[in-house]
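S.K.: Each chain, written out:
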Amino acid sequence: MSTATRLYLSNDTSSRAAGAGVLADAWSEHPEVQLIRVSSRGAFFLEPMVERESPAGRVAWFNVTAQDLPRILSGTDGTPVRSIPFLVQQTRFTFANFGETEPLALDEYQARGGLSGLETALRIGPEAIIEELRVSQLRGRGGAAFPVWNKWKVAQQARADRKYVVANADEGDAGTYCDRMILEGDPFRLLEGMLICARAIGAGQGYVYCRQEYPAAAKTLRAAIQKADEAELLELDGEPFPIEVVEGAGSYVCGEETALLESLEGKRGVVRARPPYPAQSGLYGRPTIVSNVLTFATIPNILSRGGAWHAALGTEQSRGTMALQLGGRVKHPGLVEVPFGLSLHQILEQFGGGMAPGSRFKAVQVGGPLGSLFPASQMDIPICYDAFAKAGAVLGHGGIVVYDHETDMVDLARHFMAFTADESCGKCTPCRIGSVRGREILERIQAGSGTIEDLALLHDLGDTMKIASLCALGGRASYPVLTAIEHFPAEFRAKLRV
Amino acid sequence: MTPQLSEILAQVVERPPNILKALLALQERLGHVPTEAVSDIAHALGVPAAQVAGVLSYYPDLRLTGSGRHLIRVCMGESCYANGCGRLLRELQDRLRVDVGETAAGGKFTLDTMSCAGNCAVSPTVTIDRDLYGRLLPSQLDTLLERYK
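Protein chains in written order, with this note's numbering: chain A, 1 to 498; chain B, 1001 to 1149.
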């Protein structure tokens, strides 16, 4: 085996879907190959991508098939990873390890600075941890963008016999996959973030609520928890801090924090009215911090580098970096971590590489299935919370999906409303009934029997759902539909009965 | 209660009772959750039967009937939508002669949809059992289905 060449190949679910699994099968017994299964760099358009070491750093081969092995072994035609524009233009902090390390190698995680945030946290204590987060101006990355320090402060000050830390790994927004990448690719970063939180608020138990659609993520995470436990990391102040992975059962609303807690308790995943907020009264009525996976994974760097370091990145109201996830008809779909503030146009051109071959741009949706659509004329909008709020849009969890000229906007609008009708938990009448009526109206328009009044009705319906729904599903369901009508009115009018 | 059910329930009941976990564990063993078992499950958990029925009817992944030997799910997420998941779904419906949620004659495949597989950068996506396929073209479906016996 000493003559075998070490080849790095991602074991991420999407890498395997792109063909990494086929390569691994073909090469696993090859005497000249020592295969190292790492996390993915997130440049999925280049995958399967195979890398090997060189004196000048890693060298990569793109869109590899098993027949490419001879040229990889002879070192022919490789591209230095440092010269891949999609990657070198990024600012990777939370995703710095991706493509470099084996997900379950705790020693590699530590060698690259892992656990130093936790060390700081253990040294400085709860008050100072929360102060660092306040200085950092970190806002939750799951969609609601609430200041993290504020939430932690509430939970810290709450008096209770037990407190909980819950990682929301129910990444249900279509078009998003950065949480899945973290769970599969750098699970110790999530665990470190959860431990820091537990230390700050005084929690004795952690849960990761992982969606059923992510079996590889749950498996990797369970293995990481076991390794962390063996390394005696799951302990705080001499008390155990066990972390359990609980799998969901296919409900989108369970990504909403209160529905998630209901589901974690084994009940129907129905939204609770807030207040009380989970930080005051969450899981089993105890103070609970529920944060998204990406949020927890951002925290170790803040503790090790300092809150001021984080606050120096990004824009006035949006500090730090954001993990944007490109999908749809863009030429270069993949993960982009950059400081807040770049324009949507820059993201799609500089990183997305423009449109996929044969496609012409029609619209882009930011923020998952409840996110607004943007036409070509609105591409200057900066990627940050304030600019999106001003435009009545949301950044959500950072999903960006590009639609091309073949997209039928009426059908897309129906698709959005059908999603809400399917996924509504049923608690709020405007969402439960309104989404079904909305879908029916759009089906009517699609069938050619809609009228101009139907368009007005969709607006009314959207307003009612917005003001009278407890959570963002009802509150935002109309946005993609109404922005489709706003920006592509001719397509809707052409289908109306005259 | 059948001895099999009571044996499984004895293994899956936790304190405090967690209905969803118990139902998922039961489904893992039986392939589905039989409706006639609701009252036994409720009894074992010490909760009202209505609560068990409520949880059972709420979650899309809890099945009341068994599925085919293989479960095909077409991702309907937005990236898959932009990349033609509709064509894949229609093609599968035609080939298997089933609608969404149905099991094909012979019991080999059940066809279903999912809202997002998190494979958006390598879409469109179809999962078969625990395997996931990306960048799928309708023309590749025949070869793909042949792999499953």
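These are calculated hints, taken from the structure and not from any lab test.
Each hint should be verified, as a subset may be incorrect.
[Claimed, not checked] Here are the simulated EDC-like pairs of lysine to aspartate or glutamate, each with C-alpha atoms no more than 20 Å apart in a straight line:
{"id": "1", "chain 1": "A", "residue 1": "Lys-267", "chain 2": "B", "residue 2": "Asp-1040"}
{"id": "2", "chain 1": "A", "residue 1": "Lys-267", "chain 2": "B", "residue 2": "Asp-1129"}
{"id": "3", "chain 1": "B", "residue 1": "Lys-1021", "chain 2": "A", "residue 2": "Glu-265"}
Please read all numbers here as calculations on a predicted model, not as lab measurements.
S.K.: Each hint needs a verdict: does it hold in this structure or not?
M.R.: Going through the hints against the structure:
{"no.": "1", "hint": "A:Lys-267 <-> B:Asp-1040", "verdict": "17 Å, holds"}
{"no.": "2", "hint": "A:Lys-267 <-> B:Asp-1129", "verdict": "26 Å, violated"}
{"no.": "3", "hint": "B:Lys-1021 <-> A:Glu-265", "verdict": "9 Å, holds"}
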